[in-house]
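Participant: The chain contents come next:
2 protein chains.
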Amino acid sequence: MGRLTMIGLGISDERGISIEGLERLKGADAAFAEFFTSILTEGSMERLEALCGRRIEMLDRKCVEDEDRILSSLREHEDVCFLTAGDPLAATTHQEIRLRSLKAGHRVDVIHSASIYTAAAGAAGLQHYKFGRTTTIPFPEGDYLPTSPLEIILENRERGLHTLCLLDIQADRGRYMTVHDACSVLIQMAGKLGTEKIDPTTMVVGIARAGRNDAKVAFASLSALLSEDMGDPPHCLIVPGRLHFMEEEMLDLFRIGRSG
Amino acid sequence: MGRLTMIGLGISDERGISIEGLERLKGADAAFAEFFTSILTEGSMERLEALCGRRIEMLDRKCVEDEDRILSSLREHEDVCFLTAGDPLAATTHQEIRLRSLKAGHRVDVIHSASIYTAAAGAAGLQHYKFGRTTTIPFPEGDYLPTSPLEIILENRERGLHTLCLLDIQADRGRYMTVHDACSVLIQMAGKLGTEKIDPTTMVVGIARAGRNDAKVAFASLSALLSEDMGDPPHCLIVPGRLHFMEEEMLDLFRIGRSG
Numbered sequence: 210m211g212r213l214t215m216i217g218l219g220i221s222d223e224r225g226i227s228i229e230g231l232e233r234l235k236g237a238d239a240a241f242a243e244f245f246t247s248i249l250t251e252g253s254m255e256r257l258e259a260l261c262g263r264r265i266e267m268l269d270r271k272c273v274e275d276e277d278r279i280l281s282s283l284r285e286h287e288d289v290c291f292l293t294a295g296d297p298l299a300a301t302t303h304q305e306i307r308l309r310s311l312k313a314g315h316r317v318d319v320i321h322s323a324s325i326y327t328a329a330a331g332a333a334g335l336q337h338y339k340f341g342r343t344t345t346i347p348f349p350e351g352d353y354l355p356t357s358p359l360e361i362i363l364e365n366r367e368r369g370l371h372t373l374c375l376l377d378i379q380a381d382r383g384r385y386m387t388v389h390d391a392c393s394v395l396i397q398m399a400g401k402l403g404t405e406k407i408d409p410t411t412m413v414v415g416i417a418r419a420g421r422n423d424a425k426v427a428f429a430s431l432s433a434l435l436s437e438d439m440g441d442p443p444h445c446l447i448v449p450g451r452l453h454f455m456e457e458e459m460l461d462l463f464r465i466g467r468s469g
Numbered sequence: 210m211g212r213l214t215m216i217g218l219g220i221s222d223e224r225g226i227s228i229e230g231l232e233r234l235k236g237a238d239a240a241f242a243e244f245f246t247s248i249l250t251e252g253s254m255e256r257l258e259a260l261c262g263r264r265i266e267m268l269d270r271k272c273v274e275d276e277d278r279i280l281s282s283l284r285e286h287e288d289v290c291f292l293t294a295g296d297p298l299a300a301t302t303h304q305e306i307r308l309r310s311l312k313a314g315h316r317v318d319v320i321h322s323a324s325i326y327t328a329a330a331g332a333a334g335l336q337h338y339k340f341g342r343t344t345t346i347p348f349p350e351g352d353y354l355p356t357s358p359l360e361i362i363l364e365n366r367e368r369g370l371h372t373l374c375l376l377d378i379q380a381d382r383g384r385y386m387t388v389h390d391a392c393s394v395l396i397q398m399a400g401k402l403g404t405e406k407i408d409p410t411t412m413v414v415g416i417a418r419a420g421r422n423d424a425k426v427a428f429a430s431l432s433a434l435l436s437e438d439m440g441d442p443p444h445c446l447i448v449p450g451r452l453h454f455m456e457e458e459m460l461d462l463f464r465i466g467r468s469g
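Chains as they are written, first to last, in the numbering used here: chain W, 210 to 469; chain P, 210 to 469.
Rather than coming from a laboratory, the hints here were simulated on the basis of the structure. Check the hints yourself; a few may be wrong.
Stated by the list, open to error - Far from chain W, by Cβ distances over 10 Å, these chain P residues were calculated: (1) GLU255; (2) ARG263; (3) ASP277; (4) GLU305; (5) LEU370; (6) ARG384; (7) GLN397; (8) GLY403; (9) ILE407; (10) ASP408; (11) ASP438; (12) MET439; (13) ILE465.
Unchecked claim - No farther apart than 25 Å at their CA atoms in a straight line, the calculated lysine-lysine pairs in the DSS-like style are these: (14) W:LYS312 with P:LYS425; (15) P:LYS312 with W:LYS425; (16) P:LYS312 with W:LYS339.
Ideal Cβ placement from N, Cα and C applies to all residues, glycine included.
Whole structure, please, built from the sequences with the hints as guidance.
Facilitator: The following block contains the structure:
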């Protein structure tokens, strides 16, 4: 039976891999990576190949989900590595790979890494234990605009809790939702739901490129963020609940569009 | 003005540091670390000093919170690194250091890392967006037993959500709460609260040493976990809400005390 090591690359570039992850990667018989669930800085894979001195086969969604490329590699090789951006077990697709590998009798080791789930709260200066359920804001498809993300935000806010909103990534179509898009979608959702609890004046935190040297955090109203250029993806958004004074002090440093 | 780089070491040992973190550490004028909020495998610091070829000054809670050792170092040096276990911004103490440094006019860079906040859910095979608010289970002090952690668990469960329970760490007293302790405390809390929604038959997930090669995940009733040896700390616990079939399939692999 083989051993699968699932290695997280973190949220910035190839230098987000841990020393332990790099050691495993160097010694593996076969190495794969996927970037349809999340992205790293451009050129990271080429530089990682140079860093570890080996080829890494890039897999698209079809190879991972339908063709089971990793499981078939485990039948041929003793030591297989699978690389993902962020934490290697945060996406359901990755848990499926782990489950299938374990059920086939292979050993699965996990080398965790930085993930937007933890990093976003930290970047914004907000306390983890005050977050409610996380939601994802999807691109509207034609007239279809589900309001469930906003309902989760409102449910959390009612209890004083912050909400981390992940923004849709459709890597295969080159589409990465921006803070601008997300603010516009939230305002639309509020209209559709007929609520006044969220409106263009609601203060939110836009975060771009968390964990990179050019990370940007902006604390502003939904409408102010509609005209703020947050730069390259990936972006995410936090809708804060009740703020502790230290959280307020930190957000103040990230406030934009302040008058005077 | 100086630059503070806050570097996470992840959740296993010194090899959890990223390539980027190691590069920064090697080039810094001064380097500090603290391990009162979280721990790594024994000997990690000595091995990290060997790895980066420099001294790292260990700070206790007093040096960090009262004496502001880091801020005074930033007045003397241009390039200061501060190392923590887990993600460098997950603890409130670390956010305070960041806030004070930013307010003093220094630049603060953050090199995120694996954190129990993300890793625990992944290790258990549970989906992140189905977690409600996180809680911490404290050691009972004499007769004092707050029931708020259980209230958070019940609130999450009512909405079908999982709860991550961090377990008390009192590093200065060498006390690390175990899954065994936590199960016992939860049963006591249920008695005090007079609820039957949580009882000794409630199924929970015990996790020990998440992210290490000897990580252990155990899916069992609160009472069964009372007699399960989970080994060395750190431990944490997840009280699941409604399970998706894939989550169930994964937890089945971690089930202990199964009859037949």
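Participant: Next, verify each hint and record whether it holds.
Facilitator: Cross-check of the supplied hints:
no.: 1; hint: GLU255; result: holds, 15 Å
no.: 2; hint: ARG263; result: holds, 16 Å
no.: 3; hint: ASP277; result: holds, 16 Å
no.: 4; hint: GLU305; result: violated, 7 Å
no.: 5; hint: LEU370; result: violated, 6 Å
no.: 6; hint: ARG384; result: holds, 20 Å
no.: 7; hint: GLN397; result: holds, 21 Å
no.: 8; hint: GLY403; result: holds, 22 Å
no.: 9; hint: ILE407; result: holds, 19 Å
no.: 10; hint: ASP408; result: holds, 25 Å
no.: 11; hint: ASP438; result: holds, 22 Å
no.: 12; hint: MET439; result: holds, 18 Å
no.: 13; hint: ILE465; result: holds, 16 Å
no.: 14; hint: W:LYS312 with P:LYS425; result: holds, 17 Å
no.: 15; hint: P:LYS312 with W:LYS425; result: holds, 17 Å
no.: 16; hint: P:LYS312 with W:LYS339; result: holds, 24 Å
Hints 4 and 5 from the earlier list are contradicted by this structure; the remaining hints agree with it.
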